[in-house]
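Respectively, the protein sequence lines represent chains D and B. Every number in my numbering is 674 more than the matching position in the first sequence, counting from 1. Every number in my numbering is 1 more than the matching position in the second sequence, counting from 1.
Honestly, I wouldn't trust all of these hints.
[Stated by the list, open to error] Derived DSSO-like pairs (lysine-lysine); straight-line CA-CA distance at most 30 Å: (1) 113(B) / 757(D); (2) 824(D) / 77(B); (3) 722(D) / 732(D); (4) 92(B) / 126(B); (5) 77(B) / 732(D); (6) 26(B) / 109(B); (7) 45(B) / 800(D); (8) 126(B) / 722(D); (9) 77(B) / 800(D); (10) 126(B) / 732(D); (11) 77(B) / 757(D); (12) 77(B) / 45(B); (13) 109(B) / 748(D); (14) 720(D) / 732(D).
Note that these hints are calculated values from the structure, not bench results.
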Amino acid sequence: MLQENLVAVAPPASPTTTPPPDVHQQLGILTRQLHDSLNGLGLTEKVKGWAGELPDAKSRLSYIARLTGQAAEKVLNQVDQAKAQHDHIAAETRRIGALIVKDPVAAVAKGHVMNFITDVEQASNKVDGHLTEIMMAQDFHDLTGQVIAKVVNLAATIEEQLVLLLIQTAPPEATVKAPAPHAQYVPALDGPVVSAQDNPDVVTDQSQVDDLLASLGF
Amino acid sequence: MSKELRFLIVDDFSTMRRIVRNLLKESGYADADEAEDGVAALAKLRNSNFDFVVSDINMPNMNGFQLLGEIKKDEKLKHLPVLMVTAEARKEDIVLAAQQGAAGYIVKPFTKATLEDKVNHIITKLGLK
């Protein structure tokens with residue numbers, strides 16, 4: 675049936691003797707055939723499903739772009755601040771070194787050395803804080819990794835279904851190999867919330883988790 | 002005494018295991034081991050002694066809910082506090098974790114202060130120090 679339809683809309687064998695069909699009409703026939711084929715193969719619902727998931731995939735990709743951008747920005751800011759601390763320690767080291775060379779007794783007696791030690795301790799604590807923040811910024815790998823797995827799964831599913839459609843509608847003489855089903859791990863749970871706005875079913879920060887658990891008596 | 006507590010960190014992302022491990026170390030809990038999913042975690046828990054489990058939920062092979070269930074079913078392990086650290090932000094997941102016996106729930110991304118606060122709170126509450 676399908677093959678007959680395809681033949682019916684195929685370009686005329688002899689264009690010099692038959693006027694070319696109206697392009698819009700031909701497109702309309704093809705669209706109708708695709709629609710009928712999808713219906714006949716029971717794929718309409720799947721296609722609707724893909725159409726519904728594509729905007730979700732777009733928001734997931736936006737989430738990845740946003741998170742990686744924020745992480746990079748955070749790391750660069752923390753590095754800037756840590757380097758400023760480091761420059762300060764280096765400058766103070768040179769200054770106190772010069773004072774000690776000039777008059778070691780006075781450098782100690784006037785408290786320059788002790789002040790320097792206190793200064794270094796404070797600066798190193800601040801640098802440690804910046805290093806911790808840089809480490810925490812790497813959590814984007816976990817969060818975006820889960821989201822990427824979902825998008826990759828969607829792309830693989832669409833690819834499989836399209837190849838399946840191709841196989842089912844191919845002429846008998848055509849040889850199309852069925853794709854091997856992808857066996858990648860796909861989390862069954864929701865994973866990171868990429869768009870929490872207007873979603874009362876999810877929490878958006880730790881305080882909401884704590885409030886919820888407190889309301890349950892935990 | 003709390004400094005001697007032994008932690009098991011369960012997460013399928015090595016980056017996150019490393020972050021949690023470093024944060025625990027900065028908080029004074031240096032004794033920690035790691036597992037990449039619930040199956041590996043359960044094997045380690047049954048073959049060695051741990052005092053505290055920090056677990057992700059979304060993992061292959063055996064997820065965090067399943068691991069929590071296995072721990073709470075096991076007579077030798079059910080006393081272990083399990084702190085869930087996860088990106089799962091649905092309220093029903095938080096409620097489910099609490100009902101299954103989780104000692105706490107942290108949503109990713111989290112801060113060093115949040116992890117330290119929850120771990121210390123659980124340790125104090127359970128009299129582990």
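Evaluated hints:
1. 113(B) / 757(D): OK: residue 113(B) and residue 757(D) at ~22 Å, within 30 Å.
2. 824(D) / 77(B): 37 Å, violated
3. 722(D) / 732(D): 16 Å, holds
4. 92(B) / 126(B): Answer holds: residue 92(B) to residue 126(B) is near 24 Å, not above 30 Å.
5. 77(B) / 732(D): 47 Å, violated
6. 26(B) / 109(B): Holds, at roughly 19 Å.
7. 45(B) / 800(D): 37 Å, violated
8. 126(B) / 722(D): 51 Å, violated
9. 77(B) / 800(D): 43 Å, violated
10. 126(B) / 732(D): 44 Å, violated
11. 77(B) / 757(D): 50 Å, violated
12. 77(B) / 45(B): 13 Å, holds
13. 109(B) / 748(D): 17 Å, holds
14. 720(D) / 732(D): Satisfied, since the Cα-Cα distance of roughly 18 Å is no more than 30 Å.
Comparing the model with each numbered hint stated earlier shows that hints 2, 5, 7, 8, 9, 10 and 11 do not hold.
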